[in-house]
Amino acid sequence: DAGITQSPRHKVTETGTPVTLRCHQTENHRYMYWYRQDPGHGLRLIHYSYGVKDTDKGEVSDGYSVSRSKTEDFLLTLESATSSQTSVYFCAISESTILHRRGNTGELFFGEGSRLTVL
Amino acid sequence: GQQVMQIPQYQHVQEGEDFTTYCNSSTTLSNIQWYKQRPGGHPVFLIQLVKSGEVKKQKRLTFQFGEAKKNSSLHITATQTTDVGTYFCAGYLGERGSTLGRLYFGRGTQLTVWP
Numbered sequence: 001d002a003g004i005t006q007s008p009r010h011k012v013t014e015t016g017t018p019v020t021l022r023c024h025q026t027e028n029h030r031y032m033y034w035y036r037q038d039p040g041h042g043l044r045l046i047h048y049s050y051g052v053k054d055t056d057k058g059e060v061s062d063g064y065s066v067s068r069s070k071t072e073d074f075l076l077t078l079e080s081a082t083s084s085q086t087s088v089y090f091c092a093i094s095e096s097t098i099l100h101r102r103g104n105t106g107e108l109f110f111g112e113g114s115r116l117t118v119l
Numbered sequence: 001g002q003q004v005m006q007i008p009q010y011q012h013v014q015e016g017e018d019f020t021t022y023c024n025s026s027t028t029l030s031n032i033q034w035y036k037q038r039p040g041g042h043p044v045f046l047i048q049l050v051k052s053g054e055v056k057k058q059k060r061l062t063f064q065f066g067e068a069k070k071n072s073s074l075h076i077t078a079t080q081t082t083d084v085g086t087y088f089c090a091g092y093l094g095e096r097g098s099t100l101g102r103l104y105f106g107r108g109t110q111l112t113v114w115p
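Chains B and G, in that order, give the protein sequences.
When you line the first sequence up against our numbering, it's residues 1 to 119, in that order.
When you line the second sequence up against our numbering, it's residues 1 to 115, in that order.
No wet-lab data here; the hints were simulated from the structure.
Every value quoted in this text rests on a predicted model; they were computed, and no experiment measured them.
Since no wrong hints were added, every one of them can be taken at face value.
Quick list of simulated restraints, FRET-style, between CB atoms:
#: 1; chain 1: G; residue 1: Q14; chain 2: B; residue 2: K70; range: 42 to 52 Å
#: 2; chain 1: B; residue 1: T20; chain 2: G; residue 2: K56; range: 36 to 46 Å
#: 3; chain 1: G; residue 1: A78; chain 2: B; residue 2: D54; range: 45 to 55 Å
#: 4; chain 1: G; residue 1: R38; chain 2: B; residue 2: E27; range: 14 to 24 Å
Just so you have them, the derived chain B footprint on chain G, three or more residues with Cβ under 8 Å:
#: 5; region: 43-56
#: 6; region: 104-111
Even glycine gets a Cβ: it sits at the ideal position worked out from N, Cα and C.
Modelling step: build the complete structure from the supplied sequences, incorporating the hints.
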């Protein structure tokens, strides 16, 4: 398995509190992603990063911010958590998305997930 | 709106029966990837298809990419209880060779296999 660690793995918090999820990788991959998974919605991209301090929004970025100050760490912050943000959050990494590069599949390696409950 | 559609959402089969999940996009896909997620686990990469009309096999699993690169399917022959899980397709939109940061996932097909 790829070296990806998410923390915390489980968290229960109250509405209105700030929450930060951390994703740490030891693979030195350029791309990092945050997805949320909800029943009936599959995996939806929140934010992604294509390098240190380079990030962009995904499909469901409202209410979330991210930061990447080092290659190995990608933080997801909920400034003021709401019940609608109760979900399982997955971090993923990939070496490259340049599909013509030889040997590159562009596959994503996922972390174990972080289950967040907002009461 | 959702970029990549996947059906069915659920599929219940008896062990030994076949299973197919379908993936469609309204726009051309650079590639299509397939992932499997076991209950309580995280998605794991299965395979990538890049060429128009491409067919790949992994034991009992057959993956196809449509000629127009807008649809794909995963077929499992003679399902086993170890096949239980959710199968996701995912694709980068656009022409091959471009740098695309966004991998769009279908909603997945949850497969249940009873003995």
